Each structure stands twice: as C-alpha cells, then as structure tokens.
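Protein chains: 2
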Amino acid sequence: MKLSKKTLHERLDHIYDVIIVGGGAGGLSAAIYLQRYQLSCLVVEKGRGRSFWMQDMRNYLGLPPTTPGRDLLQQGTDHALSLGADSLRGFVETVSDEGDTFAVRVKVGKTDSSYPVFRAKYVIAASGIIDHLPHLDPMQNVYDYAGYNLHVCMICDGHEIADTRCGLFVNSEAAINTAFVLNWFTPYITVFTHGLCDVGAEMRHKLKEHGYPLVELPIQKFLGHHHEMSGVELVDGSTVPLETGLVAMGSHYHNEYLQGIDLEKNGKNLVTDSMCRTSHPRIFALGDLKDGLNQVSIAVADGTLAATAIWRDIRRASPARRWQQNIQTITEPIGVVS
Amino acid sequence: MKLSKKTLHERLDHIYDVIIVGGGAGGLSAAIYLQRYQLSCLVVEKGRGRSFWMQDMRNYLGLPPTTPGRDLLQQGTDHALSLGADSLRGFVETVSDEGDTFAVRVKVGKTDSSYPVFRAKYVIAASGIIDHLPHLDPMQNVYDYAGYNLHVCMICDGHEIADTRCGLFVNSEAAINTAFVLNWFTPYITVFTHGLCDVGAEMRHKLKEHGYPLVELPIQKFLGHHHEMSGVELVDGSTVPLETGLVAMGSHYHNEYLQGIDLEKNGKNLVTDSMCRTSHPRIFALGDLKDGLNQVSIAVADGTLAATAIWRDIRRASPARRWQQNIQTITEPIGVVS
Numbered sequence: 000m001k002l003s004k005k006t007l008h009e010r011l012d013h014i015y016d017v018i019i020v021g022g023g024a025g026g027l028s029a030a031i032y033l034q035r036y037q038l039s040c041l042v043v044e045k046g047r048g049r050s051f052w053m054q055d056m057r058n059y060l061g062l063p064p065t066t067p068g069r070d071l072l073q074q075g076t077d078h079a080l081s082l083g084a085d086s087l088r089g090f091v092e093t094v095s096d097e098g099d100t101f102a103v104r105v106k107v108g109k110t111d112s113s114y115p116v117f118r119a120k121y122v123i124a125a126s127g128i129i130d131h132l133p134h135l136d137p138m139q140n141v142y143d144y145a146g147y148n149l150h151v152c153m154i155c156d157g158h159e160i161a162d163t164r165c166g167l168f169v170n171s172e173a174a175i176n177t178a179f180v181l182n183w184f185t186p187y188i189t190v191f192t193h194g195l196c197d198v199g200a201e202m203r204h205k206l207k208e209h210g211y212p213l214v215e216l217p218i219q220k221f222l223g224h225h226h227e228m229s230g231v232e233l234v235d236g237s238t239v240p241l242e243t244g245l246v247a248m249g250s251h252y253h254n255e256y257l258q259g260i261d262l263e264k265n266g267k268n269l270v271t272d273s274m275c276r277t278s279h280p281r282i283f284a285l286g287d288l289k290d291g292l293n294q295v296s297i298a299v300a301d302g303t304l305a306a307t308a309i310w311r312d313i314r315r316a317s318p319a320r321r322w323q324q325n326i327q328t329i330t331e332p333i334g335v336v337s
Numbered sequence: 000m001k002l003s004k005k006t007l008h009e010r011l012d013h014i015y016d017v018i019i020v021g022g023g024a025g026g027l028s029a030a031i032y033l034q035r036y037q038l039s040c041l042v043v044e045k046g047r048g049r050s051f052w053m054q055d056m057r058n059y060l061g062l063p064p065t066t067p068g069r070d071l072l073q074q075g076t077d078h079a080l081s082l083g084a085d086s087l088r089g090f091v092e093t094v095s096d097e098g099d100t101f102a103v104r105v106k107v108g109k110t111d112s113s114y115p116v117f118r119a120k121y122v123i124a125a126s127g128i129i130d131h132l133p134h135l136d137p138m139q140n141v142y143d144y145a146g147y148n149l150h151v152c153m154i155c156d157g158h159e160i161a162d163t164r165c166g167l168f169v170n171s172e173a174a175i176n177t178a179f180v181l182n183w184f185t186p187y188i189t190v191f192t193h194g195l196c197d198v199g200a201e202m203r204h205k206l207k208e209h210g211y212p213l214v215e216l217p218i219q220k221f222l223g224h225h226h227e228m229s230g231v232e233l234v235d236g237s238t239v240p241l242e243t244g245l246v247a248m249g250s251h252y253h254n255e256y257l258q259g260i261d262l263e264k265n266g267k268n269l270v271t272d273s274m275c276r277t278s279h280p281r282i283f284a285l286g287d288l289k290d291g292l293n294q295v296s297i298a299v300a301d302g303t304l305a306a307t308a309i310w311r312d313i314r315r316a317s318p319a320r321r322w323q324q325n326i327q328t329i330t331e332p333i334g335v336v337s
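Protein sequences appear in the order of chains A and X. So that you can map any letter, position 256 of the first sequence is 255 in numbering that gives the first Met the number 0, and since no number is skipped, the others follow by simple counting. So that you can map any letter, position 87 of the second sequence is 86 in numbering that gives the first Met the number 0, and since no number is skipped, the others follow by simple counting.
Since the hints were derived computationally from the structure, they do not count as laboratory data. Careful: at least some of the hints might be erroneous.
If chains are identical, the list can't say which one is meant, so a pair holds when it fits in one copy or spans any two.
Straight line, CA to CA, 25 Å or less: simulated SDA-like cross-link-like pairs of lysine to any residue [claimed, not checked]: (1) Lys207 with Trp322; (2) Lys205 with Ala319; (3) Lys264 with Ala308; (4) Lys207 with Arg314; (5) Lys4 with Asp272; (6) Lys205 with Asn265; (7) Lys264 with Met274; (8) Lys207 with Arg321; (9) Lys205 with Ala316; (10) Lys106 with Trp322.
Since this is a predicted model, take the numbers as computed values, not measurements.
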C-alpha cells in the first residue's frame, strides 16, 4: 500500500524482504518481480528522478514513442501496488548493516519532517543519477528546454539530433571528446565550455580539424519558445543559432546513503555481478548506479535479475513446503471435473 | 517497410547493416535501437513465437498486467517500421558467412514459396525457443489451455500458481526436480510423466516424502472450459482435479539456420559476452537463445545491448564526419533567433 506519514508506523515493526531505494524503472521492475515471487518490499521514492524528466521515451519496446517517462512510472507504481508492494514518498538518508537486516532511515516530508527507520533483509539501490546541467540564472531557462530538444543522453536522443545544428555543452576537456561520437549523428557541432574548463592546444587542433567551433564565453541564456531551444545567447550579447543540444557535464550519483558500507566501485559506478549483486551479498544495484548503459530497458532487466537472485537466496534458505494430508483436506474443493 | 513477395526484390541488392532473425521482444527492441542509431535492418519473423502465445504479460514494466504478448509485438513492429526498419514474414533457412557479409536465405510463403537471399554485415539471432507441450490427440485440447492456466514458465506465472492444486508435466526424471522449486509457490503438486520416462527409487522417495503424488499413466486429455483447465483425465478414465498446471518438458531452440557456423554453446544456449556477442564477432544472440533468464525484460535489454555494440563497431570503423564550410552553408537556415 501507499504509505503516508499517518500510516507508516504500521510498518515499523515489519521486516521487509527488500527495501528498494528509488522508484524509477529499475526499482519498479524489481518491485513487480519481488511481489510476484511472494516476497515483500517497500519502494522509497524521492520523486523527480531522471525518467520523470523524459518528455518522450522513444526507445522502450511496447510503448508508443511519445510516452512520457512519468507515465511509465505511474503505470509501474500502480502495478507494484496492485501486487501488494508498499511505497513511500521520502528520501533515504542512511542504510546501516545490522547483520541479518539493514536499517533504512528515511526523511519523510520536506517540512515538519519525520525520520522513520524501516528494516529489510536486502537492499536494492535503484536511486539512479541526475545529469548536471549548465547553471544559469534563472535555472528555469534551462529547465524550459532540458528533456525537450536540449538532450542529456546521446543513445536515447541521437536520432533526434541527426543532421541538426547541435550545441554540445561540457564542463571538462575530457567531455569534449563526446563530439567525436556525436558526429555519428551530426557534423554540425558547436562546443560550449561555458568558461568552466581550459582547453589544451591538442584538443583545439582536433576541433578545428573537424570544423567544430569552440565557444568558451559563458552562456547568458538559452533562446527559444515553447520548449524548443533555438540557440544560445552569450554574456557578450552575441548569439549562436542551434536546432538541438546535448549536455555532457557528468552526473550526480544518488548513492550517499550507502557511504557507511564499503562497496566495490569502478569510478562512480558500483561494481555488480551478472545478477546485479554488489560486493555486499545482500545489496544489489540497478541501472544508472552500476556499470553499463544508462537505459530504461537495462534498468528494467536489472530489476528482473536482482529480484530473481534475491528470490533464489531466500527460497534456498527456506524449508520446503510439503503437501501434508491435513493441509490437503482443508484446501478449497476443486469443483466439478467433467 | 513491410516487405512482401511483391516488394522484396527491391531489397535483394541492398546490404543491410543487420538482419535480425526473429521479431519477438528481443528482435524488435534491437530493431528500434538500430534504426535510432541510423543503421539499417531487416527483421524476419516466422510468426507465432513464445511471446505471441502469452495471454497476459504480467511482469513487464510499463504495460498493464493484462496485456497480451501479441499487443507488445504489434506495438513493437509498428514502432520499428515507423523508424524505417524493414520487416518480412518468412522463415530463415540458412545463414552463410561470406566474409564481410552474411547471406540469409529466407523461405517466404507456405505454398508457392520463394527463397530470396538477403545480405547484411551483422546477424542478430533472436528467434527464441518454443516450449515442448504434452502430445495429445487432438493437440487442440492442449492449445485450449496452454498460456492460460496451463503455464510454461514458473518465473512468469508462479504468482498465479501460488497455493493452487498444480499439475507438473514432465518428460524426464531430471525435470521432476522442478517440483522442488515450484513448491515455493504451492505445495499441492501432482507430477505427471505421461509415461515418457522412468523414475528411479530415490526420486520416488523424495516425492513421497514431500507428499507430491506421481502419476505415470499417460494423459488422455485436459479437462476444463473456456481456457480454464480444471484437471486431467488419464487413459484409464480416472481424473485428477487441478487448478493450474506447469509444463516443464524442455524447449525447442529455433537456431537451426546457424548450424553451418561454429558457435560456442553451453548446452543448447549460445554463449555470449556482456553485450550479447557470440563467439563470432558479427553474430549476436538475444533472449531465450542465450544463457540467462527467459524473460521479456531480459530480451528487450539484450536488444539494446546488441544494437549498441554493433553501432559502436560500425561507428568506429567509419570516417569522422567533419563540418565543412561548403556543407555548412547549404544547411537549412536556422530561422529567427530572438
């Protein structure tokens, strides 16, 4: 059920099989599988994750390519709740390993907050990442276009960028290399550093050789109408016309709540095995938090894998259910067999 | 576009980037990704694969749990076609490695068949498996219930089997071990061998100890109404009431067309790397044909992975697109930048 401040106390004595941090594509897929495996889970969702911002989810099989990410999340939440999952809007602050269980402390409510602690045998980290965006004043100017034609994922939206005049927005010299992948889709690339990094002679030469202008002046604002970005105005008042944009400024990883637990990492990504198990046997990581492609389809499959691995663990540790005569006789009669 | 006998000759001179054998969940997901990566593909679908038979796809994120598999396939086919993929109804007979390309011979039409040969740089094997079912006369009696409450996948449908009186239908002693996983969901299990295998003393003892009856007499027919199986009638006229069934008789792997190519296998499954690449660098395998869970979500992610790996290969082997002055000037004007 959907827990609220009023009802969450009903679950404080309960030990869930799994607490899932994050109700995005991976977390919801895990919840659906776990509940179908007859296991109990709580999904804690802080809201407004990466898939929430997707205006059109154009590459997920089974949904029309105009489906907004929030529709997927709503459908998945309803699906998980219908199977008996619990869900709670809140922010997971810490996860503590108590041996057989984890204690998961959640901040509920932005004002007049409460801090309930829930317990589970397993934790699934499915809290994802959020892309860094250029910081402009006001930020609303960025939000007006981000997720529309100012993209954050080339794999998701390279198709929409194809053969357009595209701005590539970076905050490091290394990120400029994105241009030399993006040029699969379009050669009409202008690189904007927003004044955030130095660019060495070698990279300047490479850009020049490819014909990709480098703009180092800070951006004043994005130009456009009705969520359709049409260019950039720089601090000196000059403008650069664009048809699309790609932001490649790195991401914030929502995994601070795990910092008390020593988990193996590869850069910022959690290292997992083929079933999404981290280096802690009872902590799994899905989707964008782990190595691999940051795609909805991958997160959904990761949820399937993690839930299945947890089911196998718990099942194998449980006594076999026998068909005892006295149980047999109290089962519902089978009705007419013709 | 949808190719037909009349139009397929238009593609006989074309070298596709990828030919995808099988238009199920994995193949369609691959097609969507490939086309979005600006690559060309042909999906050859023989029809009536495993997902076509699913009456309710209960565990795939984003779709209501009452969605039939054929709706997913239709949506995915429309989606791939809208992105410019080609599709053809036909049966792939052979794939021959010609060095830089594969020649894929397809049988089109059940009567008055033609045998066109298409070419591609890469092949994705996404033709899946089909579950063996008990052979009864008439088979229609089996088809009346298979995919309804006579299930073929415990991971998919264990939830529907929970605490019901379930028939487990096997064709080997090894498959009887399925009972000791199925009992996570229900202990009210009756095992039917249909007379297809011998059962040793140890297994008989184990079944007896768990209280699971073993029925070795061949089955005459399934009983029930309106796709709701309610039991089994044996050849001696006796009946066994049931509420659900699970068939665990192995599967037929649709991969005969690959038999001319030496690919590494693990049992019947093709061995693949983390991007679904087989031991042949230009052949990928998805979903049920490879090791791992036989789930729609996994196949969809596999399609994402294989398409991405192929895109990376082709992109890295292609010359970089430069923004040349003369190209720049002939691009469409950007319109008003305010």
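Here is how each hint holds up against the structure:
1. Within a single copy, Lys207 and Trp322 get their C-alpha atoms only as close as 76 Å, which misses the 25 Å cut-off; across copies the closest is 10 Å, which meets it.
2. Within a single copy, Lys205 and Ala319 get their C-alpha atoms only as close as 65 Å, which misses the 25 Å cut-off; across copies the closest is 12 Å, which meets it.
3. Taking the closest pair of Cα atoms, Lys264 and Ala308 come within 25 Å of each other both inside a single copy (20 Å) and across two copies (23 Å).
4. For a Cα distance limit of 25 Å, the shortest separation of Lys207 from Arg314 across copies, 21 Å, qualifies, whereas the shortest one inside one copy, 60 Å, does not.
5. In this homomeric assembly, Lys4 and Asp272 never come within 25 Å of each other (Cα to Cα): the closest approach is 36 Å inside a single copy and 46 Å across copies.
6. Taking the shortest alpha-carbon separations for Lys205 and Asn265, neither the intra-copy value of 29 Å nor the inter-copy value of 46 Å comes in at or below 25 Å.
7. Both within a single protomer and between protomers do Lys264 and Met274 lie at most 25 Å apart by alpha-carbon distance, with minima of 16 Å and 20 Å respectively.
8. Only between protomers do Lys207 and Arg321 lie at most 25 Å apart by alpha-carbon distance; the minimum there is 10 Å, versus 74 Å within a single protomer.
9. In this homomeric assembly, Lys205 and Ala316 come within 25 Å of each other (Cα to Cα) only across copies, at 18 Å, whereas the closest approach inside a single copy is 58 Å.
10. Neither within a single protomer nor between protomers do Lys106 and Trp322 lie at most 25 Å apart by alpha-carbon distance, with minima of 45 Å and 51 Å respectively.
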